[in-house]
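Engineer: Residues per chain are reported as follows:
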Amino acid sequence: MKLVAVVALAVSLIVLVRRNLLQVDLSFPLFAGVVILGVASLSEGFIHWTAAQLGFIDPPFAIIMIAIALLLAMITILSIALSRIQYRQMMLVRHLAMTELAQRETELRHRSQGHPSESNPQGARPDASNSSR
Amino acid sequence: MSTTRPLDKVLVVVPTYNDSRLLRDISAEIIALSDAYRVLIVDDGSMEPVDVDSLPDGLMLFRLPANFGLGLCTHVAFDHALKHGYAAVVRIDADGQHPVQEIPRLLEQLQSEADLVVGTRTNRNAGTGLRAWFAIWVRGYLSWAAKVVTRGCAPRDVNSGFFAANATAMRLLNKYRLERYPEPQIYILSCRRGLRLKELNIEQRERQYGSSTLTVTHALRLFYRFNIFIAAEMLQGSRTE
Chain A
1 MKLVAVVALA VSLIVLVRRN LLQVDLSFPL FAGVVILGVA SLSEGFIHWT
51 AAQLGFIDPP FAIIMIAIAL LLAMITILSI ALSRIQYRQM MLVRHLAMTE
101 LAQRETELRH RSQGHPSESN PQGARPDASN SSR
Chain B
1 MSTTRPLDKV LVVVPTYNDS RLLRDISAEI IALSDAYRVL IVDDGSMEPV
51 DVDSLPDGLM LFRLPANFGL GLCTHVAFDH ALKHGYAAVV RIDADGQHPV
101 QEIPRLLEQL QSEADLVVGT RTNRNAGTGL RAWFAIWVRG YLSWAAKVVT
151 RGCAPRDVNS GFFAANATAM RLLNKYRLER YPEPQIYILS CRRGLRLKEL
201 NIEQRERQYG SSTLTVTHAL RLFYRFNIFI AAEMLQGSRT E
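The listed protein sequences correspond, in order, to chains A and B.
Sequential numbering of the first sequence, starting at 1, is according to our numbering.
Sequential numbering of the second sequence, starting at 1, is according to our numbering.
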């Protein structure tokens, strides 16, 4: 039964990655946790040894505590990954802003020098959510 | 630390988030002050985009694809100003409470041996009740902690979003990640990295409509961010890009 549960969890993770719901790099700590804890929990001897090392009287409680610790570690790893993504997103937005505003700056400079921009004499961009007056 | 250069080209940035009612008036007021001022409106992903047609001619508008906060708006302005040779950036809020007519005074101070000039509000009205008490207490704490960390260099009003920065300040601040409410971070970083900071007393205008968007939750998060920033700054200095 334990083995079936471990295999089912591992397969669920693979399905999530396969369907592009979970990025493969982010699934690694989860997959490693499932495999290591799952395989380790198959051995009664390992459970008793771990409980004795950690000072738990009730062996299954040791596994629960390890699982919680691993979950906290994974949440931290995922938060770091999310923060990195947000910072990268911000860098991209800054780059986008520089590109779009440079175009507008050129238009305004041309207008102030008396020759309107060839592409857009009015300085207005018809499409844009990012537009200028 | 830096040489003073004439402020012949100044970028006035107005960040806005769901608050575009006064943009037209504020922009027109700024443009009327001097030909040297160019207005950049940064729409921080408002629910309803700023109506371009309602704005005066000759200004720039950039709309962020989502709501990223004031830190990114400030970076966008600094990036553009540095790339296109602006001598200074002035930041002013879109709610109409900052006195536009004080911009020349802010810039005057910037030319007299300063890299960053902060408009310190002398008539802030916290209102009444528990919320007002909380706001006064938080402001007092932020001001005190900033003074301690910067050995007295930080301005009294560390939450003022009305400031002018020259190219030296912009270059330095662009090396760091400015957070969602970046004002205390900007002033503390500036002081601790050796920029010359001055403050100028200003009279805040009456709010013309609505109320402050700073809720208790926002205030708690601001308080948390500030303390984490201070702790990080004390430990090892802020992260750079």
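Since the hints were derived computationally from the structure, they do not count as laboratory data.
Check the hints yourself; a few may be wrong.
Stated by the list, open to error - So the derived label-pair ranges between C-beta atoms look like this:
| id | chain 1 | residue 1 | chain 2 | residue 2 | range |
| --- | --- | --- | --- | --- | --- |
| 1 | A | 106 | B | 156 | 55 to 65 Å |
| 2 | A | 5 | B | 136 | 48 to 58 Å |
| 3 | A | 26 | B | 65 | 19 to 29 Å |
| 4 | A | 59 | B | 152 | 35 to 45 Å |
Unchecked claim - Facing chain B, a subset of chain A residues (Cβ under 10 Å, in silico):
| id | residue |
| --- | --- |
| 5 | 85 |
| 6 | 112 |
| 7 | 113 |
Positions of the beta carbon are idealized from the N, C-alpha and C atoms, including for glycine.
Engineer: Taking the hints in turn, state whether each one holds.
Structural biologist: Right, here's what the structure says about each hint:
no. : hint                      : verdict
1   : A:106 - B:156: 55 to 65 Å : violated (41 Å)
2   : A:5 - B:136: 48 to 58 Å   : holds (56 Å)
3   : A:26 - B:65: 19 to 29 Å   : holds (23 Å)
4   : A:59 - B:152: 35 to 45 Å  : violated (59 Å)
5   : 85                        : violated (13 Å)
6   : 112                       : holds (8 Å)
7   : 113                       : violated (13 Å)
Checked against the numbered hints above, the structure breaks hints 1, 4, 5, 7 and satisfies the rest.
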